[in-house]
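Count the sequence shown with the UniProt record's numbering and you get residues 1 to 575, in order.
Simulated from the structure, these hints should not be mistaken for lab results. There may be inaccurate statements among the hints.
[Stated by the list, open to error] Distance condition first, Cα-Cα at most 25 Å in a straight line; then the derived DSS-like pairs of lysine-lysine:
#	residue 1	residue 2
1	LYS365	LYS231
2	LYS195	LYS232
3	LYS73	LYS223
4	LYS73	LYS105
5	LYS195	LYS383
6	LYS172	LYS204
7	LYS231	LYS267
8	LYS100	LYS73
9	LYS383	LYS223
10	LYS195	LYS365
11	LYS204	LYS223
12	LYS143	LYS172
13	LYS204	LYS232
14	LYS100	LYS292
15	LYS232	LYS100
16	LYS143	LYS73
17	LYS143	LYS105
18	LYS223	LYS362
19	LYS223	LYS195
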Amino acid sequence: MSFAELGLADEIVRAVRELGYETPTPIQRQAIPAVLAGGDLLAGAQTGTGKTAGFTLPILHRLSTRPLQRSGKPVIRALILTPTRELAAQVEESVRNYAKYLNLKSMMMFGGVGINPQIDQLRRGVDIVVATPGRLLDHLAQKTIDLSHIEIFVLDEADRMLDMGFIRDIRKVLAVLPRVRQNLLFSATFADEIKQLADDLLDKPAMIEVARRNTTAESVAQKVHPVDRDKKRELLTHLIREHNWFQVLVFTRTKHGANRLAEQLGKDGISAMAIHGNKSQSARTRALAEFKDASLQVLVATDIAARGIDIDQLPHVVNFDLPNVPEDYVHRIGRTGRAGATGEAVSLVCVDEHGLLADIEKLIKRALPREVVPGFEPDPNAKPEPIQRRSGQRDTPRNAPRDGHRAGASGNGARRGAPAGQSGARATQGGERGRNEHGNRNAPGNAASNGARPASNGAANPRSGQGAGSNGNRAGHGERASGNRQDQNGGRGFSTNKPARDGAGGSAQRSGGGQGQRNGEGSNGSHANAGNRNHNGPRRAAILGGGQGNAQSNAHPSHGGQRAQPQARAKTRGE
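Work out the full structure: start from the sequences and follow the hints.
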């Protein structure tokens, strides 16, 4: 079967043929007719199966053969959401290549870069937007994007999107889309959360699953090299030199580990660069470009940063560290052996990781062959040590905010508005949580690097009665504002760095605006970025009747400082 036989427009078939593709992959053979039919779609496909063309080609066909009867600039008719910047860039590049002979315009939209060029591009008009959730919400907050004409909505790599904690952002986006639209959901795995999201999003969808769940491609040769933990880097260097490997994608568990390994490989005479969330967008783009054109021998990456790496016939993937989450192993080795090509996935496993290896083998339902490399035999008496998990359970924790718009990642992309009833700004440049180049959290007192993030203004909170909002900046160098909450129940408030709960109010500012009050006497305080904490005003207020007392405390808790005890304190119920 050819692409022409799938019913695609001649212009699209011509562009695809010029890219060297003659025969559609299994996911493309099934997905393209389903999308052309106009119904919703739930597709299960591993990375590397050609799923991007499976939805972009029919989207281009539908938009080009059903033009809007409007004069003037184009309007956005298709929205594709991806979890990471690299994947957004890869998908948008595919759209541009396939639309070479069509009168359709596309753009990518993600954080870590200036927002103004994106605004200018939107003003000129585009038909298709490929975006990450955070930056899309920035544009929605600033009213610089109009999604009222969306005909087709795509959620790509939905499982990864949920892993990264984007479910709330996704729902905010869905809330502003037209009710009548075509929805396409693609996921490598079908966990319960995906099924729930599909039930909420899709209407009588066609279902496609081209590979067994949580399986690895047959075209990828997998093996395990047992080795002592302190010999891993030497073994990796040996393998690269011995087999003359080039274009080697190496995965580490942490950003600090990626930096350190790239530096060590460089000292061994192997050209290597690290890519992770703390790297600037320009550095990430440069590293990917050099890796793709084979001028860079080794690319060391964390799991999320590697999403979107799409290199034809990438020959080698190495798990320098096994992932904490077994499903990530499937995603990692899916970088090689793509679309029928062959590839090799090698895992360097020390005694600490035997449990992780067992979890992976249980997931993929196969035992991976072990091969001890002469000269690197592991010590049979070695004792396992706890695996250091700098960012929680994985390089970025499950349900943690991500995409370069989440709290704490350093960068220069300002969030000038806030989604769905928030105010203020927040900025990042990394796609992972706020840690510095060495994998450490930001310095004491720093909640973020650059940019500002507001407290929620009217957002629902299970602990709040009415979800009252706040104004304030989570500002440039770690300054953090307190948000306001409002409860219907009585309680007692604290004049500290957190807003009061359940009643008598309190608010705090960290070198930025933001005050809150809840059903009781309010208090104001300030918490400077350097760690100096001053509390002025009522320390606690009596509840259920409104009695109040005053207490003042001045302290410098950061850097080993001590906090002065309050001179007086009002008694509250129960004291």
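**OP:** Provide an ascending list of the numbers of those earlier hints which the structure does not satisfy.
**Re:** When the structure is compared with the hints, numbers 1, 2, 3, 5, 11, 13, 15 and 19 turn out to be violated.
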